[in-house]
Amino acid sequence: ITTSSPEALKFYSQGSLEYRKAAYRESIDSLEKAVKIDPEFAMAYRTMAYAFGTLGYPAEQKKFLQKALEFRDRISERERYIIQGDFYRQSEDTVNLAIDAYTKLLALYPEEWIGNVNLGIIYNDLEQWDKALAHFEMTRQNPTALYFSSLYQAQSYAALGLYDQAKDIIELYLKNSSDNATSHWYLAKNYLCQGKYDLALAEANKASALNPSM
36 ITTSSPEALK
46 FYSQGSLEYR
56 KAAYRESIDS
66 LEKAVKIDPE
76 FAMAYRTMAY
86 AFGTLGYPAE
96 QKKFLQKALE
106 FRDRISERER
116 YIIQGDFYRQ
126 SEDTVNLAID
136 AYTKLLALYP
146 EEWIGNVNLG
156 IIYNDLEQWD
166 KALAHFEMTR
176 QNPTALYFSS
186 LYQAQSYAAL
196 GLYDQAKDII
206 ELYLKNSSDN
216 ATSHWYLAKN
226 YLCQGKYDLA
236 LAEANKASAL
246 NPSM
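Numbering (the numbering used here), first residue to last: 36 to 249.
Among the clues, some could well be false.
Ranges between beta-carbon positions, derived for each pair [unchecked claim]:
{"hint": "1", "residue 1": "Glu206", "residue 2": "Lys71", "range": "40 to 48 angstroms"}
{"hint": "2", "residue 1": "Asp108", "residue 2": "Leu245", "range": "19 to 27 angstroms"}
{"hint": "3", "residue 1": "Lys98", "residue 2": "Glu127", "range": "38 to 46 angstroms"}
{"hint": "4", "residue 1": "Lys231", "residue 2": "Glu61", "range": "50 to 58 angstroms"}
Taking lysine to any residue and the SDA-like style, the derived pairs with C-alpha atoms no more than 20 angstroms apart in a straight line are [as the list claims (entries may be wrong)]:
{"hint": "5", "residue 1": "Lys202", "residue 2": "Asn177"}
{"hint": "6", "residue 1": "Lys102", "residue 2": "Ser126"}
{"hint": "7", "residue 1": "Lys166", "residue 2": "Gln200"}
{"hint": "8", "residue 1": "Lys68", "residue 2": "Glu112"}
{"hint": "9", "residue 1": "Lys210", "residue 2": "Leu195"}
{"hint": "10", "residue 1": "Lys98", "residue 2": "Arg109"}
{"hint": "11", "residue 1": "Lys98", "residue 2": "Tyr144"}
{"hint": "12", "residue 1": "Lys231", "residue 2": "Ser213"}
{"hint": "13", "residue 1": "Lys224", "residue 2": "Glu162"}
{"hint": "14", "residue 1": "Lys102", "residue 2": "Glu114"}
{"hint": "15", "residue 1": "Lys98", "residue 2": "Glu127"}
{"hint": "16", "residue 1": "Lys224", "residue 2": "Ala235"}
{"hint": "17", "residue 1": "Lys102", "residue 2": "Thr89"}
{"hint": "18", "residue 1": "Lys231", "residue 2": "Ser248"}
{"hint": "19", "residue 1": "Lys102", "residue 2": "Asp73"}
{"hint": "20", "residue 1": "Lys210", "residue 2": "Gly230"}
Since the hints were made in silico from the structure, they are not lab data. For every residue, glycine included, the Cβ atom is placed at its ideal position computed from N, Cα and C.
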């Protein structure tokens, strides 16, 4: 991670951990401390962007990804491709540039989980299910990657009619993360596609109990 400040790195590491625990506001607080110490800390701006985006602030996400991109000349090639891919995947008009950036990243570092996960998500959104799953499979042994990619993997499996694999990956996600409405809703749809209506209703009820607005 490119920073000359051990203290900034400490706050970045803390903010990244908080982000993975879904403590997004705490993550932003830590990352703001990191960039206050090192105003050119590109990867800290990147993580901050995603924290804002997850909280529902797309303008802030775009702003901080742009900020990360501004400092691409002072970071490693690996980080540069990650940030370029993240920035360009925000728009359908530039998604091909994102694919190009992630592909170059993986040509150098085939097991880089960020590149595989994000490229898998892009192909998932483009309904290129086999390509998506090929990248998701590269991250299957990485718990952090699975946290971010599991529900997308499930969608790809279900689209191919591989409902058992979709169910297994959702249940693995639930086992390794907090109970959440979205996962149960995915399970409900998965059972519905198989005509298992009682199981689908049970999962839908779980989702509704966790999030009545769903």
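Distance restraint evaluation - Glu206, Lys71, Cβ atoms, bounds 40 to 48 angstroms: About 42 angstroms separates the Cβ atoms of Glu206 and Lys71, which means 40 to 48 angstroms holds.
Pair hint outcome, Lys102 versus Glu114 [Cα-Cα no greater than 20 angstroms]: The hint holds at about 14 angstroms.
Restraint check for Lys202 with Asn177, where alpha carbons must lie at most 20 angstroms apart: holds, 19 angstroms
Satisfaction of hint between Gly230 and Lys210, Cα-Cα up to 20 angstroms: Answer violated: Lys210 to Gly230 is near 25 angstroms, above 20 angstroms.
Pair hint Lys102 and Asp73, alpha-carbon separation not exceeding 20 angstroms: Holds, at roughly 13 angstroms.
Distance restraint between Lys231 and Ser213, which requires alpha-carbon spacing of 20 angstroms or less: violated, 25 angstroms
Outcome for the supplied range 50 to 58 angstroms, where the beta carbon pair is Lys231 and Glu61: violated, 40 angstroms
Restraint status (C-alpha distance of Lys98 to Glu127 at most 20 angstroms): holds, 18 angstroms
Range hint 19 to 27 angstroms (beta carbons of Asp108 and Leu245) holds or violated: Cβ of Asp108 to Cβ of Leu245: about 45 angstroms, so the range 19 to 27 angstroms is violated.
20 angstroms limit on alpha-carbon distance, applied to hinted pair Lys102 and Ser126: The given pair, whose Cα atoms are some 17 angstroms apart, holds under the 20 angstroms limit.
Given pair status - Tyr144, Lys98, alpha carbons within 20 angstroms: violated, 28 angstroms
Pairwise hint evaluation, Ser248 against Lys231, where the allowed Cα distance is 20 angstroms at most: The given pair, whose Cα atoms are some 24 angstroms apart, is violated under the 20 angstroms limit.
Going down the numbered hints, you'll see the structure goes against 2, 3, 4, 8, 9, 11, 12, 18, 20, while the others check out.
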